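A.B. asks: As you go down the protein sequences, you meet chains A and B in turn.
This note's numbering numbers the first residue of the first sequence as 1 and each following residue consecutively.
This note's numbering numbers the first residue of the second sequence as 1 and each following residue consecutively.
Incorrect hints may appear among the rest.
To be verified - Keeping only pairs whose Cα atoms sit at most 30 Å apart, straight-line, the calculated DSBU-like set for lysine-lysine is:
1) A:K121 / A:K258
2) B:K332 / A:K100
3) A:K291 / B:K332
4) B:K121 / A:K100
5) B:K71 / A:K100
6) A:K258 / B:K332
No lab work stands behind these hints, which were simulated from the structure alone.
This structure is a prediction, so every number in the text was calculated from the model and none was measured.
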Amino acid sequence: MDTVTRRRFLIASGVTGGVALATGSGLVTWHELSQRAVSDPQPVGSKILVIVTLYGGNDGINTLVPYADPAYHDARPELAYAEGEVLHLDESVGLNPAMKGMAGLWREERLAVVRGVGYPKPDHSHFRSMDIWQTASPDVPVNTGWIGRWLDATGDDPVRAVNIGAVLPPLAVGANSAAAALPLGRDTPLPADLETALRGLGTPDPSDSPAEALVTASYRAERTAAATFATVLDPKAVQPDHDQLAPAGSAGGQQSLKAQLDIVARCIKVGVPTSVYAVSLGGFDTHADEKGTQQAQLGVLDSALTGFLQDMAADPRGQGVAALVYSEFGRRVTANASQGTDHGTAGPVFVAGRPVKGGFYGAPPSLSDLDNGDLKVSTDFRDVYAELLHRLLDTDPAPVLGNSRSELGFLA
Amino acid sequence: MQSADWRATARLLRRTGFGTTGSAVDVANRVGVAAHVPAILGSDPTADVGARRTPVPTFDAITPLGRSASKSEKQQRNQQIRSQLSSLTTWWIRRMVAVEEPFGEKLTFVWHNHFATAATKVRRPGWLAAQNETLRRAGRGDFRTLALAMLTDPAMLFWLDGQKNSAIAPNENLSREFMELFALGHGDGYTEQDVREGARALTGWRFRPNGTAYLSTRAHDDGTKTLLGVTGNLDTTGFCDAVLSRPASPHFVASRMWSQLVSANPPSAATLDRLVTAYGDQRDLRSLLTAMLTSADFVAAYGTIVIGPVEWLIGAIRALRIPIVDDAAARKVVAVLRTLGQIPFYPPNVGGWPSGAAWLSTAAADARIQAAAALASQADLDAIRGSTAAKVDAVAHLLGVASWSARSTAVLAETAVDPRRLVAIALNTPEYLTN
Chain A
1 MDTVTRRRFL
11 IASGVTGGVA
21 LATGSGLVTW
31 HELSQRAVSD
41 PQPVGSKILV
51 IVTLYGGNDG
61 INTLVPYADP
71 AYHDARPELA
81 YAEGEVLHLD
91 ESVGLNPAMK
101 GMAGLWREER
111 LAVVRGVGYP
121 KPDHSHFRSM
131 DIWQTASPDV
141 PVNTGWIGRW
151 LDATGDDPVR
161 AVNIGAVLPP
171 LAVGANSAAA
181 ALPLGRDTPL
191 PADLETALRG
201 LGTPDPSDSP
211 AEALVTASYR
221 AERTAAATFA
231 TVLDPKAVQP
241 DHDQLAPAGS
251 AGGQQSLKAQ
261 LDIVARCIKV
271 GVPTSVYAVS
281 LGGFDTHADE
291 KGTQQAQLGV
301 LDSALTGFLQ
311 DMAADPRGQG
321 VAALVYSEFG
331 RRVTANASQG
341 TDHGTAGPVF
351 VAGRPVKGGF
361 YGAPPSLSDL
371 DNGDLKVSTD
381 FRDVYAELLH
391 RLLDTDPAPV
401 LGNSRSELGF
411 LA
Chain B
1 MQSADWRATA
11 RLLRRTGFGT
21 TGSAVDVANR
31 VGVAAHVPAI
41 LGSDPTADVG
51 ARRTPVPTFD
61 AITPLGRSAS
71 KSEKQQRNQQ
81 IRSQLSSLTT
91 WWIRRMVAVE
101 EPFGEKLTFV
111 WHNHFATAAT
121 KVRRPGWLAA
131 QNETLRRAGR
141 GDFRTLALAM
151 LTDPAMLFWL
161 DGQKNSAIAP
171 NENLSREFME
181 LFALGHGDGY
191 TEQDVREGAR
201 ALTGWRFRPN
211 GTAYLSTRAH
221 DDGTKTLLGV
231 TGNLDTTGFC
241 DAVLSRPASP
251 HFVASRMWSQ
261 LVSANPPSAA
271 TLDRLVTAYG
281 DQRDLRSLLT
291 AMLTSADFVA
301 AYGTIVIGPV
311 EWLIGAIRAL
321 RIPIVDDAAA
331 RKVVAVLRTL
341 GQIPFYPPNV
351 GGWPSGAAWL
361 STAAADARIQ
371 AAAALASQAD
381 LDAIRGSTAA
391 KVDAVAHLLG
401 VASWSARSTA
411 VLAETAVDPR
421 RLVAIALNTP
431 EYLTN
């Protein structure tokens with residue numbers, strides 16, 4: 001297996017997260033985070049980035065709908081939204097009907113819509129393209145993510161970035177450091193003797209193999225403050241039913257996006273010293289019968305995200321919060337025979353929140369001047385990242401993204 | 001402390017099954033690895049006594065409801081599907097627990113992870129059962145037969161939208177995933193054009209109401225395609241052969257099998273060459289598996305794999321001889337697997353389940369130890385008796401663990417007064433959770 005393929009497997013299998021676990025910067029507990037909020041609180045109004053990853057390849061053309069372009073209706077007659085259905089942003093494009101909350105953010109000038117975002121020589125593999133977006137390295141596979149490199153460049157406290165969910169995505173893993181992972185779900189208190197035994201089993205032994213060392217590291221991260229946790233996590237939270245619809249290429253958060261963002265909101269409101277949070281939503285791989293499926297998923301995104309941002313806007317600690325929403329690729333312009341779309345290239349990226357200057361950024365991709373049936377990329381996603389690192393996180397983007405990135409101006 | 005041979009045999013049994021027991025290792029160790037491997041590869045998984053006791057259920061066909069179906073008809077239909085899917089999942093759990101020789105079920109599970117197909121989308125329990133039987137039957141023959149069976153398998157076609165792939169508007173899903181995940185690997189340099197041409201070759205598969213697939217000549221594109229340098233009026237067989245003929249394909253298949261059965265680390269170049277030679281022009285899976293399991297690197301790979309939830313839980317149930325005879329008992333097993341994130345027939349996506357440290361979250365630790373405590377409370381643990389040291393040794397033998405580290409010995413000794421606690425904790429040691 002060559003390195004590219006190997007790398008893909010590592011990422012697809014979540015093993016990169018395991019590397020971080022083994023280095024001891026893995027899971028944190030709510031208790032630890034809330035203690036840090038007391039001992040070392042985030043200053044009120046600090047800038048905070050919330051990264052929302054949409055897994056599966058969201059169809060950008062039916063998200064930011066070019067309703068006035070006849071080529072749109074010609075390319076996907078059964079999938080296209082009529083002019084009267086979309087939420088108009090201007091006289092040529094509008095948002096998917098499910099995105100009412102985000103249309104409201106647009107009117108408040110708190111939603112930046114970056115158009116035609118992608119990277120050179122687009123890759124149509126879910127796994128490879130998501131890897132490219134998360135590592136911000138389109139040319140060569142690397143084993144660090146962009147937030148991981150930001151962590152590497154800016155200190156050694158792992159709680160500067162927190163992933164919601166126990167398995168770290170590639171974006172959160174650096175060379176020397178990794179984001180902390182805050183697991184979701186209900187705490188079931190263990191009997192004292194079992195708790196003691198697990199603590200004992202977390203002791204490293206000189207004879208431990210690499211895999212055994214991973215196990216002991218996971219036990220050392222065992223939560224010790226079940227009671228504290230229980231008061232923060234929703235006691236009514238239930239396991240998601242495994243028997244529910246999810247298309248073949250999907251991954252993404254096991255818990256609902258709303259539940260993930262609720263945890264983020266709680267962390268921010270108590271002043272946890274975290275500057276970057278990562279959450280995710282799956283279900284966007286719509287090869288067939290796309291319209292209803294995508295609209296439902298965009299509705300989930302819309303209500304969770306706008307609810308979260310309203311919550312933040314009302315809290316003094318939420319004033320500096322901006323959310324980034326992206327997917328690994330958009331989809332083909334022309335519908336397939338299955339009322340769906342196949343893997344494509346460029347898509348819109350959204351940045352929303354109080355620090356954002358609402359409006360359009362990046363040139364709109366043409367629906368008639370195509371690259372082998374796919375949209376041409378007008379904006380490099382690394383330019384979006386560069387601005388977030390520079391203007392929001394107040395960091396030099398060069399060590400993370402290299403030189404020669406040009407910012408778009410969506411942050412004040 | 002067991003001998004190095006015993007340890008190597010124990011690893012072989014655990015990798016080719018679901019856990020093991022010291023007694024089974026004792027027997028296989030007397031036979032010797034050289035004889036044991038051909039024996040398990042030569043055994044017929046459907047002839048196993050336990051397999052005969054757990055025949056695959058037959059399912060009434062799910063016929064599509066018309067547009068005029070009432071709400072209650074739809075609810076009834078959904079209820080029927082859910083009930084059938086539950087029977088399907090619990091059937092496989094019971095089968096995995098019941099078989100005398102576990103290799104047939106383990107290998108089927110490995111192929112299920114390779115050709116990952118999920119009931120979340122394929123709401124046809126009978127089709128999933130048929131795919132499962134195909135994987136069991138063809139999983140140790142030649143890879144071309146297996147791959148072609150999957151390309152024309154109703155559950156696979158439905159899963160990757162093959163039945164919607166037509167000459168007028170090709171759907172690329174199956175073409176792409178077959179190349180990337182099933183037979184070639186992402187790094188081989190196939191192009192987007194290859195994916196599109198491949199999709200054209202695969203056009204035209206449709207289903208009969210009874211669940212068999214047939215090629216509709218009307219929907220099939222019989223024009224000339226050029227795929228991976230091969231030009232012609234390629235159909236599904238032509239597509240399969242063009243992909244499998246690529247030089248990278250044998251390396252990909254061998255590496256994927258290796259990652260599941262042998263080691264989380266890739267094989268050395270020399271080992272991979274040996275595996276590919278064994279696979280050969282005939283794409284002989286039995287020969288590949290033999291080369292893998294008898295390789296010197298197999299033993300050297302000790303301690304690289306974190307076992308997944310199915311391997312862990314089925315292994316524990318088998319070692320403790322806890323009967324899972326009815327669906328109610330099997331549903332409890334499924335509930336634990338749901339918490340741990342790995343239910344047969346429900347892989348998260350076409351790439352299969354995660355592996356390695358992905359299984360080691362703190363939430364999983366809680367669920368695992370509670371499940372282990374519940375299992376131990378149902379087990380007959382008469383064999384665990386005597387002094388503290390004798391009990392700690394006995395639990396190692398019960399679970400087929402060659403030796404405990406000083407750390408684990410100390411923790412186990414603390415709890416040895418209660419054999420149930422001792423077993424529950426032993427099932428959660430780093431030694432038992434890795435392989």
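A.B. asks: Confirm or reject each hint.
C.D. replies: Now the hints, each set against the structure:
1. Proximity of A:K121 to A:K258 is assessed by CA-CA distance (about 34 Å); at most 30 Å being required, the pair is judged violated.
2. A distance of roughly 42 Å separates the Cα atoms of B:K332 and A:K100; the hinted pair therefore is violated under the 30 Å criterion.
3. A distance of roughly 37 Å separates the Cα atoms of A:K291 and B:K332; the hinted pair therefore is violated under the 30 Å criterion.
4. Annotation: proposed proximity of B:K121 to A:K100 holds, straight-line Cα distance about 29 Å (limit 30 Å).
5. With a CA separation close to 29 Å, the supplied pair B:K71 and A:K100 stays within the 30 Å bound.
6. A C-alpha spacing of about 29 Å is found between A:K258 and B:K332, which places the hinted pair at or below 30 Å, so the restraint holds.
Consistency with the previously given hints fails for numbers 1, 2, 3, ordered from lowest to highest.
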